[in-house]
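S.K.: Keeping their order, the protein sequence lines are chains A and B.
Residue numbering for the first sequence follows our numbering, beginning at 1 and increasing consecutively.
Residue numbering for the second sequence follows our numbering, beginning at 1 and increasing consecutively.
What the hints contain is simulated information worked out from the structure, not anything from laboratory work.
From a predicted model like this one, the values you see are computed outputs, not experimental measurements.
Among the clues, some could well be false.
[As the list claims (entries may be wrong)] In the DSSO-like style, the derived pairs of lysine-lysine whose C-alpha atoms are separated by at most 30 Å in a straight line are:
1) A/Lys218 x B/Lys74
2) A/Lys58 x A/Lys87
3) A/Lys46 x A/Lys192
4) A/Lys66 x A/Lys192
5) B/Lys23 x B/Lys128
6) A/Lys192 x B/Lys73
7) A/Lys123 x A/Lys95
8) A/Lys41 x B/Lys128
9) B/Lys73 x A/Lys218
10) B/Lys57 x A/Lys192
11) B/Lys152 x B/Lys67
12) B/Lys57 x A/Lys73
13) B/Lys74 x A/Lys41
14) A/Lys58 x A/Lys241
15) A/Lys87 x B/Lys152
16) A/Lys41 x B/Lys71
17) B/Lys112 x A/Lys73
18) B/Lys152 x A/Lys95
19) B/Lys152 x A/Lys73
20) B/Lys152 x A/Lys41
21) B/Lys67 x A/Lys41
22) A/Lys89 x A/Lys101
23) A/Lys87 x B/Lys57
24) A/Lys41 x B/Lys112
25) A/Lys66 x B/Lys152
26) B/Lys74 x A/Lys101
27) B/Lys112 x A/Lys46
28) B/Lys71 x A/Lys218
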Amino acid sequence: MGMDRRKFIKVAGFSTLVGLGGKSAFELLFPGELEAAFQAKPEALKGKRWAMVVDMKKMDEATARKCVEACHKVHNVPNLDNPINPKDKVSSEEKVRWEIKWIWTEHYHNAFPGTEYEHMVEKVAHLPFPLLCNHCDNPPCVRVCPTQATYRRPDGIVMMDMHRCIGCRFCMAGCPFSARSFNWRDPRPFVKEVFQEYPTREPGVVEKCTFCEERLAKGQLPACVVASNGALIFGDLTDAKSKVREALKEKFTIRRKPFLGTNPQVYYIV
Amino acid sequence: MAGNGNYKNEFGVFAEKPKVQKKIYDRNRVFAGLAIFLVLVTLPLWNNLGKVVPAPKPSLDTPAIQKLAVKDKKCVEPTPWMRANHMQMLVDWREEVVRNGPRDYTASDGRKFAASLSNTCMDCHSNKSQFCDSCHNYVAVTPTCWGCHLDKEKKQVAKAEAK
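Only chain A is shown next, with the shape it has when bound in the complex (with noise of 0.2 Å):
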């Protein structure tokens, strides 16, 4: 079959014309058919950069357990301290090797490496900084993960993927705020009262604070913020009137490491 040059850059053009507006054209047809199957609920909180400040001036060690403990029990986050069965109990050394936390506590030299210096307030050297993912703006985990399960969603969480994590501990290494954990073993024994709505881990993959992304769908405040008393506080830092924005207009605020250039979006007023 023979084919002139003019015809064959007619009916190519035309089909690339075709290709190119086929989705749009379908758009046009039948609106919102194609992705209309899935919606955010209606009383989900919606944000595009999620932030926390915490306020370590109404901070203490029982306050910071509270938040622990709410992050840990929602979160079905295994308490190596305290197993099923007895017979599972591991010992200290293990305990730091296997530890699981999403959120956690340290003293000022521990949380602030290289800005702590001898006679300091000592109120604020013994605090208990409450740590977490800081959810960088500009994650290295995200950066060094080679299945992406670690990525980032648009409204700033860094958020973990289970079901396409191989386990490779590439983004603990590239973490510098130690924010995540390896699942060196089955959770589930000590995990005394299992939170039905939220899955456990399995061993093998990484797992570290979401923000609480599963309860901003549903309308809820991250849990930690919720048991804080008000010394945490939450909300969207391109929202000039949200409470995280005002905090940081009235207190000046410090964050972990920032000359590291992740931009890390937890803040603490010291």
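Dock chain B against chain A, hints included.
M.R.: Same frame as chain A, now just chain B:
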């Protein structure tokens, strides 16, 4: 000279074809061994010959399903479709919820469901061992869902305690 002579190959004409023994050494043993091997390999076939394995009957007898009114006793999508495509649907739900965010699934008949294995599917089908497992065992597939997702069956607690 024995034979008919004039055997020819590319090197010339020879008087006699070289003698090559054409025989299987230890013939009886070899064939006996082969027979035993064949029987062993096909043993599972012989073993199940004539037996009928009953098709699985996934049980719908759970408190949550019994509470539903008769007209509401239907799955997220029509049953035949679910039977064939539930795995693809779960993958779609997973992709949508974990990676894209939206959590409400609108079924083809307009009803809305939270896209969640543990909190939607398992709320009704709280009998994993008689529902999910009955077919999965029959076709010998082992989905990896349950390493993380909780099946809400009471057995789970008992098993963890027994460990």
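S.K.: All hints are to be evaluated individually against the structure, with a verdict given for each.
M.R.: Comparing the hints with the structure gives:
1. Taking the CA atoms of A/Lys218 and B/Lys74, the gap is about 25 Å. The hint holds against a cut of 30 Å.
2. Taking the CA atoms of A/Lys58 and A/Lys87, the gap is near 39 Å; set against the 30 Å cutoff, the hint is violated.
3. Distance check on the hinted pair: A/Lys46 and A/Lys192 sit about 33 Å apart at the alpha-carbon level, beyond 30 Å; violated.
4. Taken as a hint, the A/Lys66 and A/Lys192 pair is honoured in the structure, with Cα atoms around 17 Å apart against an allowance of 30 Å.
5. Restraint check for B/Lys23 and B/Lys128: the C-alpha separation of about 61 Å exceeds 30 Å, so the hint is violated.
6. Pair hint A/Lys192 plus B/Lys73 does not hold up; C-alpha atoms about 35 Å apart against a cutoff of 30 Å.
7. A hinted pair counts as satisfied when its Cα atoms are at most 30 Å apart, and A/Lys123 with A/Lys95 qualifies at roughly 29 Å.
8. Distance hint between A/Lys41 and B/Lys128 is fulfilled; the C-alpha atoms sit about 28 Å from each other, no more than 30 Å.
9. Pair hint B/Lys73 plus A/Lys218 holds up; C-alpha atoms about 26 Å apart against a cutoff of 30 Å.
10. Taking the CA atoms of B/Lys57 and A/Lys192, the gap is about 34 Å. The hint is violated against a cut of 30 Å.
11. With a C-alpha separation of about 18 Å, the suggested pair B/Lys152 and B/Lys67 falls inside the 30 Å cut-off, and the hint holds.
12. Pair hint B/Lys57 plus A/Lys73 does not hold up; C-alpha atoms about 37 Å apart against a cutoff of 30 Å.
13. Simply put, B/Lys74 and A/Lys41 have alpha-carbon atoms about 23 Å apart, close enough for the 30 Å limit, and the pair holds.
14. The suggested pairing of A/Lys58 with A/Lys241 holds, with an alpha-carbon distance near 22 Å, which does not exceed 30 Å.
15. Annotation: proposed proximity of A/Lys87 to B/Lys152 holds, straight-line Cα distance about 25 Å (limit 30 Å).
16. For a cut-off of 30 Å, the pair hint linking A/Lys41 to B/Lys71 stands: about 26 Å separates their Cα positions.
17. A distance of roughly 29 Å separates the Cα atoms of B/Lys112 and A/Lys73; the hinted pair therefore holds under the 30 Å criterion.
18. Between B/Lys152 and A/Lys95 the alpha-carbon distance is near 29 Å, which keeps this suggested pair within the 30 Å criterion.
19. With a C-alpha separation of about 17 Å, the suggested pair B/Lys152 and A/Lys73 falls inside the 30 Å cut-off, and the hint holds.
20. As the CA atoms of B/Lys152 and A/Lys41 are separated by approximately 24 Å, the hinted pair is consistent with the 30 Å bound.
21. Under the criterion of a C-alpha separation no larger than 30 Å, the hint pairing B/Lys67 with A/Lys41 is consistent with the structure, at around 26 Å.
22. Among the hinted pairs, A/Lys89 with A/Lys101 is consistent with the structure: their alpha-carbon atoms are about 18 Å apart, no more than 30 Å.
23. Our distance criterion of 30 Å between C-alpha atoms is broken by A/Lys87 and B/Lys57, whose separation comes to about 39 Å.
24. At roughly 10 Å between alpha-carbon atoms, A/Lys41 and B/Lys112 fall within 30 Å of each other, so this suggested pair holds.
25. The hinted pair formed by A/Lys66 and B/Lys152 meets the criterion: a straight-line CA distance of about 27 Å does not exceed 30 Å.
26. The straight-line distance between the Cα atoms of B/Lys74 and A/Lys101 is roughly 41 Å, outside the 30 Å bound, and the hint therefore fails.
27. Of the pairs offered as hints, the one joining B/Lys112 and A/Lys46 holds, with about 20 Å between alpha carbons and a cut-off of 30 Å not exceeded.
28. Simply put, B/Lys71 and A/Lys218 have alpha-carbon atoms about 29 Å apart, close enough for the 30 Å limit, and the pair holds.
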